[in-house]
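Asks: The residues making up each chain are set out below.
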Amino acid sequence: MDIVRAPIEMEASKLPSLTVGEVYVDTPRMTTRNVNVFYGDKMAIDNVTLDIAEKQVISLIGPSGCGKSTFLRCLNRMNDTIESCRVEGQIKLDDQNIYDPHIDVVPLRARVGMVFQKPNPFPKSIYDNVAYGPRIHGLAGHKDELDSIVEASLRRAGLWGEVANRLDQSGTSLSGGQQQRLCIARAIAVSPEVILMDEPCSALDPIATARIEELIFELREEFTIVIVTHSMQQAARVSNRTAYFHLGRLVEVGGTSEIFTNPHHELTNSYITGRFG
Amino acid sequence: MESSPHTSSAFDQDLYEMSEKVRSLANLVERQLKAVTQSLSTLEDKGLDKLIRRDKKVDKLESEIIEQGVQVIALRAPLAEDLRRVLVIQKIATILERMGDYARNTANRTKVILAEGPEAVPVTNLQQMAELTCEMLVDVMAAFDNVDAEMAIKVRNGDVKVDKLHTKLHRDVVKSAQNNPDQIVANVHLLFIAKNFERIGDYATGIAEQVYFLANGTFVDEFRPKADKTSWNA
Chain Z
1162 MDIVRAPIEM EASKLPSLTV GEVYVDTPRM TTRNVNVFYG DKMAIDNVTL DIAEKQVISL
1222 IGPSGCGKST FLRCLNRMND TIESCRVEGQ IKLDDQNIYD PHIDVVPLRA RVGMVFQKPN
1282 PFPKSIYDNV AYGPRIHGLA GHKDELDSIV EASLRRAGLW GEVANRLDQS GTSLSGGQQQ
1342 RLCIARAIAV SPEVILMDEP CSALDPIATA RIEELIFELR EEFTIVIVTH SMQQAARVSN
1402 RTAYFHLGRL VEVGGTSEIF TNPHHELTNS YITGRFG
Chain W
31 MESSPHTSSA FDQDLYEMSE KVRSLANLVE RQLKAVTQSL STLEDKGLDK LIRRDKKVDK
91 LESEIIEQGV QVIALRAPLA EDLRRVLVIQ KIATILERMG DYARNTANRT KVILAEGPEA
151 VPVTNLQQMA ELTCEMLVDV MAAFDNVDAE MAIKVRNGDV KVDKLHTKLH RDVVKSAQNN
211 PDQIVANVHL LFIAKNFERI GDYATGIAEQ VYFLANGTFV DEFRPKADKT SWNA
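Protein chains in written order, with the working numbering: chain Z, 1162 to 1438; chain W, 31 to 264.
FYI, nobody ran anything at the bench for these hints, they're computed from the structure.
Treat the hints with care, as some may be off.
[Said to hold, decoys possible] To give an idea of the chain Z side of the interface with chain W (calculated C-beta under 7 Å), a few residues:
hint	residue
1	Gln1394
2	Phe1421
3	Asn1423
4	Pro1424
5	Gly1435
[Claimed, not checked] One-sided and incomplete, this derived list gives chain Z residues near chain W with beta-carbon spacing under 10 Å:
hint	residue
6	Met1239
7	His1425
8	Asn1430
Ideal Cβ placement from N, Cα and C applies to all residues, glycine included.
Work out the full structure, taking the sequences as your base and the hints as a guide.
Replies: Listed below in structure tokens is the structure:
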């Protein structure tokens, strides 16, 4: 069977002028309006408007280079660390514009925490990894209070049972899956409102992945979660809504079951059925 | 929505094979229906035993399709239109297998009618009904081939004609049974055969509904025109 591939410019011609699906929600925790992102002269995100619903999981999917991670990193200003990066448009956490020049990014990143692709525990003890955030943000008045936060965070991350008797050991001594749960415990220790996850399971085996996914499922009762994933099945399993990015544009957004059973835009359909990407 | 090939050509091959197999199954069931219709309309045994034995092929092909669908789901994790295609093919295969069962059952009953001496059984409308259901099967599989929801709905709505013929045939058979009490056994079997074809028509509408789902990703409205009044108007 001959395979004829559509050249990139043909795919670009298929991009919709407006995002397909409902970009707005009734109870948004974060709102983004007409967001453009540039790396130097190159436009990485093109006019993206999207609401992030409170206490829901939204998956950002799309082929490599589509801008999903760039968009994710805009949500807590992680792109500030990249000198050539410029963000336009408006991104709000509740009613606060997070790109307001008066905003201090340190407390912002406590409110909008992040878990990265590769587990990155600090070279400190398991206890100190989790206690680090509450300490620098002054969330605990005394040792007992800090102990409680550490225990509660490790419990919520499903790790307490495995590390309770070795809290003084290095975080880097844990397995990959445990390290990633430690990073999640570290993120939730400062009681964030939103957790951003950038391919959090890509370095993990299927069992460790399943545990993280189960954790995401539980955490959505308390937190708003935005996850970038290359795994279609993962997006289908963990998220309430799914947003499909292509060439920097938000092509389609909708309920996860709708997107994976009956997507409306041709590009979404082609991507999720494995016809390109 | 037009479909280009998958990045994985083996996935395309799997889906192609499944589609081909369900077409083969439909052709086989069509052959069964035509064969039994021929025996019924001529009131002669035109290879009924062979037809009955051939039903095993129908069952086997259905199993193969279901098994392949399970494998595709497990190995390829299909989504969207691909997932719908796998599920729809499996469902159509199951429906076709049931149609095949009705053809076999009709063949068995036809043998009894022929043995009983079929002089007084009214088969004219039955032949028309059988041909109509066979046409429905052919048309609905063409709708499947072309993923044509409009054509599928046309087939679905056409079932009314089968229902009307069934109602009429039901009356004729009851009358025939009253007039020829010695042929009661043949007439009772004929009633069951009529019901078989009425059900085959229903199954064709079931395939039409699957084609609609394949094309649109949504289910067709529950309402379907019906005209089978045998239960209260005989």
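Asks: Each hint should be assessed against the structure and marked as holding or not.
Replies: Do the hints match the structure? See the list:
1. Gln1394: 6 Å, holds
2. Phe1421: Nearest chain W Cβ about 5 Å off; hint holds.
3. Asn1423: With a closest approach of 3 Å, the Asn1423 (chain Z) hint holds.
4. Pro1424: With Cβ-Cβ at 5 Å, under 7 Å, it holds.
5. Gly1435: 5 Å, holds
6. Met1239: Violated. Min distance 30 Å.
7. His1425: 9 Å, holds
8. Asn1430: Given a least distance of 5 Å, the restraint on Asn1430 (chain Z) holds.
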